[in-house]
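Student: In order, the protein sequences belong to chains A and B.
Per the numbering used here, the first sequence starts with residue 1, numbered consecutively.
Per the numbering used here, the second sequence starts with residue 209, numbered consecutively.
Derived from the structure by calculation, the hints contain no laboratory data.
Any given hint might turn out to be false.
Between beta-carbon pairs, the in silico distance windows are [as the list claims (entries may be wrong)]: (1) A:Ala8 with B:Arg287: 30 to 36 Å; (2) A:Ser171 with B:Ser277: 49 to 55 Å; (3) B:Gly323 with A:Ala167: 51 to 57 Å; (4) B:Asp381 with A:Leu61: 49 to 55 Å; (5) A:Leu169 with B:Gly323: 30 to 36 Å; (6) A:Ser69 with B:Ala270: 44 to 50 Å; (7) B:Thr319 with A:Ala120: 51 to 57 Å; (8) B:Pro299 with A:Gly90: 42 to 48 Å; (9) A:Ser69 with B:Gly376: 18 to 24 Å; (10) A:Ala120 with B:Arg230: 40 to 46 Å.
Think of the CB as a built atom: it goes at the ideal place given N, C-alpha and C, for glycine as much as any other residue.
Number of protein chains: 2
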Amino acid sequence: MRMAELSAESGVPVATVKFYLREGLLPPGERTSPNQARYSVAHVQRLRLIKALTDVGGLPLASVGVVLSAIDGDETPHRTMGVVQQELAGPAPKVSDAAAEWATERLADLTRSHGWKAHAPEHAAMANLVAALATAKELGHDKLTERLGEYARLAMRVAELDVEVVAGLSSADKIIEAGLIATVLGDRIFAGLRHLAQEQVSRDVLGG
Amino acid sequence: MRMAELSAESGVPVATVKFYLREGLLPPGERTSPNQARYSVAHVQRLRLIKALTDVGGLPLASVGVVLSAIDGDETPHRTMGVVQQELAGPAPKVSDAAAEWATERLADLTRSHGWKAHAPEHAAMANLVAALATAKELGHDKLTERLGEYARLAMRVAELDVEVVAGLSSADKIIEAGLIATVLGDRIFAGLRHLAQEQVSRDVLGG
DNA sequence: CCAGAATGGATAGTCAAACTCTCCGTTATG
DNA sequence: CATAACGGAGAGTTTGACTATCCATTCTGG
Chain A
1 MRMAELSAES GVPVATVKFY LREGLLPPGE RTSPNQARYS VAHVQRLRLI KALTDVGGLP
61 LASVGVVLSA IDGDETPHRT MGVVQQELAG PAPKVSDAAA EWATERLADL TRSHGWKAHA
121 PEHAAMANLV AALATAKELG HDKLTERLGE YARLAMRVAE LDVEVVAGLS SADKIIEAGL
181 IATVLGDRIF AGLRHLAQEQ VSRDVLGG
Chain B
209 MRMAELSAES GVPVATVKFY LREGLLPPGE RTSPNQARYS VAHVQRLRLI KALTDVGGLP
269 LASVGVVLSA IDGDETPHRT MGVVQQELAG PAPKVSDAAA EWATERLADL TRSHGWKAHA
329 PEHAAMANLV AALATAKELG HDKLTERLGE YARLAMRVAE LDVEVVAGLS SADKIIEAGL
389 IATVLGDRIF AGLRHLAQEQ VSRDVLGG
């Protein structure tokens with residue numbers, strides 16, 4: 001197919017497709033002459049993935065580029081997912097050193113008591129957790145951190161489900177892509193379900 | 209206190225504080241003369257809250273404005289939290305009509321089988337869920353939706369914890385603010401815990 | 001009391017991200 | 001073979017979130 005059809009099929013405007021080609025997010029089409037190219041369904045899928053990562057995952061295009069090269073590379077699923085989570089988490093917001101230290105300590109307790117592996121503070125999920133917990137403290141909301149262990153236990157249950165959903169696929173490539181999609185969409189889906197559930201519970205507990 | 213101290217105390221640059229004042233995100237200080245003002249600890253707290261909403265919650269300033277006027281208003285906690293969730297969820301990404309219809313149907317099944325109240329498709333969390341599920345389908349990932357019921361059950365457990373954390377506060381104002389903070393930080397904290405847990409589980413199941 | 005720093009307020013400028021527009025020479029097509 | 005579409009490159013646009021510069025006061029330390 002050529003540009004117009006690729007655009008129609010994917011729902012991405014022609015000008016934007018050209019822009020993605022320039023940025024290297026979309027691989028160039030196969031040349032049929034010095035200045036004509038043909039695109040395949042792989043290009044359509046790639047565009048859909050880019051849309052999912054930006055629209056649903058909220059990733060900046062620069063991160064999308066990093067993620068796409070990661071899944072195109074031939075690293076292990078584990079390493080590749082590390083890159084994905086790094087980009088998905090984004091840069092952690094800055095917080096005061098004192099609060100950060102307290103939060104780091106609190107998280108160390110948690111991982112120790114749950115038998116989880118310790119992580120360096122540069123680890124993306126870790127850095128974001130530290131920032132979020134530190135912010136909670138700075139805002140004077142300790143309740144959330146007091147219950148951290150209970151949240152962690154439920155997070156573990158969710159993670160087990162996540163891995164079940166992704167595991168059982170045949171090839172490493174499929175596991176990587178499924179993992180990517182499950183991570184990007186999974187966060188948003190769970191957040192949505194949680195909000196819905198909060199309304200149910202708060203209706204019962206706090207009253208309409 | 210005056211500008212310089214307010215800035216130092218909150219960690220927000222003077223120019224930015226002025227900008228927030230102009231935008232109406234921060235209420236003006238108390239006048240001490242026609243062109244001088246004095247600020248209070250309430251201003252410091254407000255600035256910290258704005259920082260949390262933008263940095264941690266990732267909200268655009270326009271949404272922060274809406275949220276702040278909502279919590280300053282005198283609506284019930286339930287209505288106020290509705291506004292908060294609306295802004296937090298943001299505009300749902302657009303998806304094809306066919307996929308959206310399928311996702312809406314799937315969600316109707318879910319809410320029915322869990323005995324949850326049905327929601328209009330304009331409902332923020334609902335619209336985002338529809339978009340996320342529709343995207344999963346468009347990307348050819350059905351596994352996630354097949355297990356939706358299990359995720360919903362866990363989301364319910366998390367929501368119960370959320371409400372426990374917030375309930376038990378004395379005044380409606382405190383409940384509203386705690387709810388806001390719990391929602392904003394809670395999503396990010398749970399996502400972080402989930403990522404950490406995913407690594408533990410995938411290490412065991414998929415191997416290093 | 002007064003010189004120099006700080007303040008409040010207004011206007012304009014900056015910067016990055018993510019497109020979108022306009023050309024242009026070449027290629028396909030009815 | 002006229003004309004519509006294409007690929008490629010560069011400049012322009014829009015939005016969001018600041019940041020910088022002025023200026024006419026107002027405060028403050030010596």
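Student: Does each hint fit the structure? Answer for all of them.
Tutor: Verification of the supplied hints:
no. : hint                               : verdict
1   : A:Ala8 with B:Arg287: 30 to 36 Å   : violated, 43 Å
2   : A:Ser171 with B:Ser277: 49 to 55 Å : holds, 52 Å
3   : B:Gly323 with A:Ala167: 51 to 57 Å : violated, 31 Å
4   : B:Asp381 with A:Leu61: 49 to 55 Å  : violated, 41 Å
5   : A:Leu169 with B:Gly323: 30 to 36 Å : holds, 33 Å
6   : A:Ser69 with B:Ala270: 44 to 50 Å  : violated, 34 Å
7   : B:Thr319 with A:Ala120: 51 to 57 Å : violated, 42 Å
8   : B:Pro299 with A:Gly90: 42 to 48 Å  : violated, 19 Å
9   : A:Ser69 with B:Gly376: 18 to 24 Å  : violated, 49 Å
10  : A:Ala120 with B:Arg230: 40 to 46 Å : holds, 41 Å
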